[in-house]
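Engineer: One letter stands for each residue in the lines below.
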Amino acid sequence: MSVTADDVRRIARLARLAEPEDRVDALVGELNGILDWIEQLNEVDVEGVQAMTTPVAFPLPMREDKVTDGGIRDKVLANAPKSDEGFFVVPKSVE
Amino acid sequence: MSADTYTLPGATGDWEVVMGLEIHAQVVSQAKLFSGAATAFGAAPNTQVSLVDAAMPGMLPVINSHVVEQAVKTGLGLNAQINKWSRFDRKNYFYPDLPQGYQISQFQFPIVGEGEIECERDDGSRFTVRIERLHLEQDAGKSIHDLDPNSTYVDLNRSGVALMEIVSKPDIRSPDEASAYVSKLRTILRYLGTCGGDMEKGQLRADVNVSVCKPGAYEKFRETGDFSHLGTRCEIKNVNSLRFIRQAIEYEAQRQIDIIEEGGTIDQETRLFDANTGVTRSMRSKEEAHDYRYFPDPDLLPLELQQDWIDQIRVNLPELPDAKRERFVSEMGLSDYDASVLAADKDRAAYFEEVAEGRDAKLASNWVNNELYGRLNKEGLTITDCPVSAAQMSGLVGLIEDKTISGKIAKDVFEILWAEGGDPAKIVEDRGLKQVTDTGAIEAVIDQLIADNPDQAASVKEKPKAMGWFVGQVMKAMQGKANPQAVNEILQKKLLG
Numbered sequence: 010m011s012v013t014a015d016d017v018r019r020i021a022r023l024a025r026l027a028e029p030e031d032r033v034d035a036l037v038g039e040l041n042g043i044l045d046w047i048e049q050l051n052e053v054d055v056e057g058v059q060a061m062t063t064p065v066a067f068p069l070p071m072r073e074d075k076v077t078d079g080g081i082r083d084k085v086l087a088n089a090p091k092s093d094e095g096f097f098v099v100p101k102s103v104e
Numbered sequence: 051m052s053a054d055t056y057t058l059p060g061a062t063g064d065w066e067v068v069m070g071l072e073i074h075a076q077v078v079s080q081a082k083l084f085s086g087a088a089t090a091f092g093a094a095p096n097t098q099v100s101l102v103d104a105a106m107p108g109m110l111p112v113i114n115s116h117v118v119e120q121a122v123k124t125g126l127g128l129n130a131q132i133n134k135w136s137r138f139d140r141k142n143y144f145y146p147d148l149p150q151g152y153q154i155s156q157f158q159f160p161i162v163g164e165g166e167i168e169c170e171r172d173d174g175s176r177f178t179v180r181i182e183r184l185h186l187e188q189d190a191g192k193s194i195h196d197l198d199p200n201s202t203y204v205d206l207n208r209s210g211v212a213l214m215e216i217v218s219k220p221d222i223r224s225p226d227e228a229s230a231y232v233s234k235l236r237t238i239l240r241y242l243g244t245c246g247g248d249m250e251k252g253q254l255r256a257d258v259n260v261s262v263c264k265p266g267a268y269e270k271f272r273e274t275g276d277f278s279h280l281g282t283r284c285e286i287k288n289v290n291s292l293r294f295i296r297q298a299i300e301y302e303a304q305r306q307i308d309i310i311e312e313g314g315t316i317d318q319e320t321r322l323f324d325a326n327t328g329v330t331r332s333m334r335s336k337e338e339a340h341d342y343r344y345f346p347d348p349d350l351l352p353l354e355l356q357q358d359w360i361d362q363i364r365v366n367l368p369e370l371p372d373a374k375r376e377r378f379v380s381e382m383g384l385s386d387y388d389a390s391v392l393a394a395d396k397d398r399a400a401y402f403e404e405v406a407e408g409r410d411a412k413l414a415s416n417w418v419n420n421e422l423y424g425r426l427n428k429e430g431l432t433i434t435d436c437p438v439s440a441a442q443m444s445g446l447v448g449l450i451e452d453k454t455i456s457g458k459i460a461k462d463v464f465e466i467l468w469a470e471g472g473d474p475a476k477i478v479e480d481r482g483l484k485q486v487t488d489t490g491a492i493e494a495v496i497d498q499l500i501a502d503n504p505d506q507a508a509s510v511k512e513k514p515k516a517m518g519w520f521v522g523q524v525m526k527a528m529q530g531k532a533n534p535q536a537v538n539e540i541l542q543k544k545l546l547g
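Going line by line, the protein sequences match chains A and B. For our numbering, add 9 to where a residue sits in the first sequence, where the first one is 1. For our numbering, add 50 to where a residue sits in the second sequence, where the first one is 1.
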């Protein structure tokens, strides 16, 4: 598996990362290096082995349906670059 | 399918429509899916947000066990397979009201698998819609675009609220069927108490996948399971009322037919329905976002359920609308139509059952479906705001049944109950509304009437229908309290001999 320059541009855009054009070739090399390295895993025979989601053999911890949180509007908004009347305010984002 | 498949005429012949629906149903719960913040509707902005919902670094989601139970309950209500092993995945996209930058959802391994429900068309005929899956996911926050000309305002109160996404198979073939499916699903969810179903409050939101095909193609698809027999589909987002669902489908199907007949092709895309114009338009920003790069959420372990826990939920399921309708028909002797109308709404059914307890079920059903609902609709009220309680209504029906009052007087008593309340038996007693069954009293009135109107009396022999005038006069003279059956019998005897 390998990526092309177009793949890198697309992934950057999807991740909202502004990668300068002159960095793209270098990134293609780096990413393909990582992919090659991971590719080694293909050498292991996994025939008949079920895919594992987690190595933790532990049941999913659960919570009761009780309101125990919230009511901290000022904390929630504290790091927002802009807020007004209790709302986050962001650049216009409507179609 | 019904005998008449819904078709739209085109220049190249008839077209058929195929639809699958994705319903987002907000789970009834106190707290959110992965945090302890409240879910109540209408709170001040950002007051029901925990640091988990705001996606602050280092916060970890912990699942709400009640929400899991609600999803399983819903799955059982949809006659669906419950998956004892399911998993949460991250669906990655950027939007201002999605602070995490991903939605926690279930992609590959949903909690509920295939099921089916039976729905009813406008004409009363029934059809089956197969369910593909139900999965749990987080809702996003709310963006408000009209508070400021240059900015969008974001409220995260809804962020992290639990949703069930219920996906149907492409079994829906007309706008009527789409609306019938949503309405049946809503009824089931409300019976189960797992979703409030209020579309105006956004508790139930529909995305409709629409495609068109030529007659015969759909049957080939059903035989083979091969989607290539069907047309390319477009997804219409967030159509938020039953009426809009019908409108959006009609518009979108015609749009696709026009494109194909002009030699064009349909692009698979997401479209938005504009309720003001009745038109769908492309949502360009969504196209790229379709690359969601799902992967298992490393913050959450797989969700594993025990069979005895599932069985426990199954045992405690309430009676569902189909079973209730069948019982109303088979045990209470109601018509299929009356039973359907009553069972279609949980609160109406409960009210009816209380009225019918120990009473004639048909009479109770007539009073609830006709008099009571006629009045509620006229006043724009729902059964939960009804000023006449089921106990009062039951008392009224009892008085008709034991012939204490006539149906006509009962309407007057109903008006008094509606406006003033009170005990129906006491109202009848206090206001002297009891039906007169004393034939002597009725006879006296009739004798007087015949004596006063000899010509009219004679004419009844030629035109038996003219007797209606006498019935009216007797009722008038006795303030409607005469037993109509007795009046008729005595009139027959005296006028026709």
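Honestly, I wouldn't trust all of these hints.
As the list claims (entries may be wrong) - Derived DSS-like pairs: lysine-lysine, alpha-carbon spacing no greater than 25 Å straight-line:
hint, chain 1, residue 1, chain 2, residue 2
1, B, Lys192, A, Lys101
2, A, Lys75, B, Lys515
3, A, Lys84, B, Lys544
4, A, Lys101, B, Lys515
5, B, Lys544, B, Lys515
Unchecked claim - Here are the simulated distance ranges between beta carbons:
hint, chain 1, residue 1, chain 2, residue 2, range
6, B, Arg296, A, Gly80, 38 to 44 Å
7, A, Lys91, B, Gly471, 36 to 42 Å
8, A, Glu73, B, Ala93, 43 to 49 Å
Hints in this document: simulated from the structure, not taken from any laboratory. Because the structure is a prediction, the values reported are computed rather than measured. Cβ coordinates follow ideal geometry from the N, Cα and C atoms, glycine included.
Engineer: Look at each hint and say if it fits the structure.
Structural biologist: Against the structure, the hints:
| no. | hint | verdict |
| --- | --- | --- |
| 1 | B:Lys192 / A:Lys101 | holds (13 Å) |
| 2 | A:Lys75 / B:Lys515 | violated (70 Å) |
| 3 | A:Lys84 / B:Lys544 | violated (89 Å) |
| 4 | A:Lys101 / B:Lys515 | violated (75 Å) |
| 5 | B:Lys544 / B:Lys515 | holds (15 Å) |
| 6 | B:Arg296 / A:Gly80: 38 to 44 Å | holds (42 Å) |
| 7 | A:Lys91 / B:Gly471: 36 to 42 Å | violated (55 Å) |
| 8 | A:Glu73 / B:Ala93: 43 to 49 Å | violated (21 Å) |
Checked against the numbered hints above, the structure violates hints 2, 3, 4, 7 and 8; every other hint is satisfied.
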